[in-house]
Amino acid sequence: MESCFSTTISSSSSSSSSPFSIFSIQATPLPNLASSSNVGRKFSKSCMHPQLLSCQLPKPFLQLNGRPKYRLHQRRSAYLSSATYKEPISGEKQGWDLGRFFKTLYFFNGPPSPAKIVEFIIEKLSGSSPEESEKKMGTSDYVLVVGATGGVGRRVVNNLRKKGLPVKALVRNEEKARKMLGPDIELIVGDITKESTLVAQYFKGVKKVINAASVIIGPKEGDTPDRAKYSQGVKFFEPEIKGDSPEMVEYIGMKNLINAVRESVGLRTGKLLFGFEDQHSKELDWGALDDVVMGGVSESTFQIDRTGGEGGKPTGLFKGIVSTANNGGFTSIRTKLTLVPFSYEKSKKVIGFYFQNFSSPVDLSAYDGFELHLKGDGRRYKLIVRTSTDWDTVGYTASFDTIGGQWQSIRLPFSSLRPVFRARTVSDAPSFNPSNVVSFQLMFSKFEYDGKLNPTFVEGPFELPLSTIKAYIKDPIIPRFVHVSSAGVTRPDRPGIDLSKQPPAVRLNKELDFVLTFKLKGEDLIRESGIPYTIVRSCALTEEPAGADLVFDQGDNITGKISREEIALICIAALESPYACDKTFEVKSVVPFSEPFTVDPENPPPEKDYNIYFQTLKDGITGKESLEQSAIAV
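Every number in the numbering used here is 14 more than the matching position in the sequence shown, counting from 1.
It should be emphasised that the hints constitute simulated quantities derived from the structure, not laboratory data. Treat each hint with caution, since some may be false.
Restraint-style ranges between C-beta atoms, simulated for each label pair [unchecked claim]: (1) Gly465 - Gly419: 30 to 40 Å; (2) Ser210 - Trp421: 14 to 24 Å; (3) Pro606 - Asp155: 20 to 30 Å; (4) Asn617 - Asp507: 38 to 48 Å; (5) Asp507 - Ser374: 42 to 52 Å; (6) Thr439 - Ile230: 56 to 66 Å; (7) Ile230 - Asp614: 31 to 41 Å; (8) Lys193 - Glu557: 14 to 24 Å; (9) Ile511 - Asn273: 27 to 37 Å; (10) Asn172 - Ser295: 40 to 50 Å.
Backbone N, C-alpha and C define an ideal beta-carbon position, used for all residues, glycine too.
Please model the entire structure based on the sequences and the hints provided.
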């Protein structure tokens with residue numbers, strides 16, 4: 015804990031152990047049960063458990079019959095020095111509320127369970143220790159390529175692998191994909207038109223997406239086995255839709271894909287973990303976890319104030335009274351453990367239960383840190399995050415200072431979280447693993463870490479309104495979802511356009527089941543998703559090599575051609591460029607259709623710096639501006 019337990023706990027060897035000893039074993043943080051015999055000894059500073067620190071107590075924990083349960087110091091201590099303390103700072107001796115201690119244990123752990131005690135003892139005898147943190151899960155930052163066996167998609171895969179980047183390919187036909195992409199490619203077999211095939215677990219570790227999936231358009235008269243006519247482009251044959259409709263692929267497929275990857279790639283505005291934001295809210299079951307667990311008398315609670323937030327909006331409120339009496343000096347709230355059943359996979363029969371804080375562990379690996387929006391009081395607090403469902407385990411901790419009387423947003427990068435166990439830094443613990451967050455704890459304490467004291471600590475009442483806890487993406491934000499679309503998507507119903515001068519796909523939009531209309535609707539889904547994106551609208555695609563000079567444009571006006579290889583390279587470059595983030599643009603080569611483009615293998619063109627092109631792009635230009643007075647009818 016944050017300081018020493020001052021009470022001796024004893025137990026007889028008979029089966030009629032006291033309730034106290036049962037609770038202390040089940041709650042595990044109290045004694046250091048890593049050793050085989052802890053019963054009957056006093057707790058020292060070395061056995062304190064800083065992780066019993068956060069949860070809200072309901073009102074009965076704070077008051078009984080409308081009156082304080084005990085008296086606290088009326089004097090306020092001076093600001094404490096941040097120097098290392100040698101002896102505990104002790105206030106006047108006060109009576110310890112044993113009842114509230116039991117209520118705290120019961121709130122977090124439930125009633126005593128003999129089976130749980132036996133399970134715990136076996137675990138300890140097997141050699142595991144609270145100091146052993148959960149090992150970091152092996153996840154890589156994969157780039158997912160959708161439509162990986164298509165003309166652009168397979169080139170994206172090849173170029174990503176040349177760069178040494180981890181790749182996963184979403185394909186419908188595994189045999190075809192293995193033959194085309196190689197036996198060692200990591201595949202997700204699924205179909206974007208079938209939501210049930212896009213299981214969220216398949217996309218774990220995916221941090222970026224390049225979507226090259228598209229409806230198939232082929233010649234009415236048929237094609238060669240290697241699709242030679244298709245490769246030449248729709249300009250050279252009378253086209254028709256092959257396979258799934260444009261609505262299924264470009265719109266419904268896009269919706270399914272976005273829903274499948276949204277959690278893994280992250281949102282531009284962050285992920286709300288707790289609190290109230292616009293029309294959204296996320297509440298957690300907080301409970302108080304104060305120094306009563308080690309003999310102190312400090313007391314806190316957490317409640318929702320429906321009008322106490324910024325601008326009269328709802329907010330959470332962490333409040334209480336902190337005292338150094340009985341060598342105490344901390345209050346905290348921690349998200350409550352929830353009992354969740356688990357079953358044998360085949361029989362579905364429930365075979366046990368486990369505790370967790372969120373409805374399921376939260377994967378925040380798409381983000382870079384936590385952001386708290388709160389109204390400060392000039393004091394220093396701690397946020398403690400856990401990645402293990404074990405109660406007595408390492409907490410990844412960051413301290414933060416607040417400004418009195420001001421609403422403020424405080425960002426705590428994941429890299430700033432230090433592994434702490436019982437108020438001591440665990441130097442050999444693994445770094446924070448954001449892919450498996452299971453609980454939060456918020457603390458106000460006189461203790462910092464490793465014997466240091468909080469320089470802003472003052473005894474007495476405190477209040478900390480907390481409106482949100484979010485995960486955030488750090489600046490500059492780069493695209494997480496790059497989509498290959500088509501030039502011309504806004505033109506079929508554009509007022510005043512001469513269709514006779516437009517490419518075949520624009521002239522034949524209706525005959526091709528409104529292919530460009532649904533491509534535009536798919537684009538809109540991306541722009542509205544909240545995922546940082548880039549939309550690359552290619553002109554007519556060719557099998558020519560990359561390397562020609564390029565024209566980037568916005569507003570959906572240009573026509574021309576561009577090689578599939580060039581588009582693949584542009585997509586990969588966009589993933590790393592903040593200048594490409596949330597941009598929609600068209601691209602073509604300067605070489606006209608009538609002239610083939612070739613490259614001398616002995617003298618290839620230099621690699622392009624696509625950032626030069628990305629820097630010219632502007633926000634908010636899609637070509638839809640010309641459609642504002644003309645609705646697209648489907």
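Hints, verified against the model:
One distance hint, 30 to 40 Å for the beta-carbon pair Gly465 and Gly419, holds here, with the actual separation near 32 Å. At about 44 Å, the CB distance of Ser210 to Trp421 disagrees with the hint of 14 to 24 Å. As the Cβ distance of Pro606 to Asp155 is approximately 40 Å, the hint placing it in 20 to 30 Å is violated. Checked against the hint of 38 to 48 Å, the C-beta distance between Asn617 and Asp507 comes to roughly 46 Å, which is consistent with it.
Between Asp507 and Ser374 the CB atoms are about 45 Å apart, so this pair conforms to the stated range of 42 to 52 Å. Under the hint 56 to 66 Å, the C-beta atoms of Thr439 and Ile230, about 58 Å apart, fit the expected range. In this structure the hint that Ile230 and Asp614 lie 31 to 41 Å apart at CB holds, the actual value being about 34 Å. Checked against the hint of 14 to 24 Å, the pair Lys193 and Glu557 passes, with Cβ atoms roughly 20 Å apart.
The hinted range of 27 to 37 Å is satisfied by Ile511 and Asn273, whose Cβ atoms lie roughly 34 Å apart. Between Asn172 and Ser295 the beta carbons are some 46 Å apart, a value that agrees with the proposed interval 40 to 50 Å.
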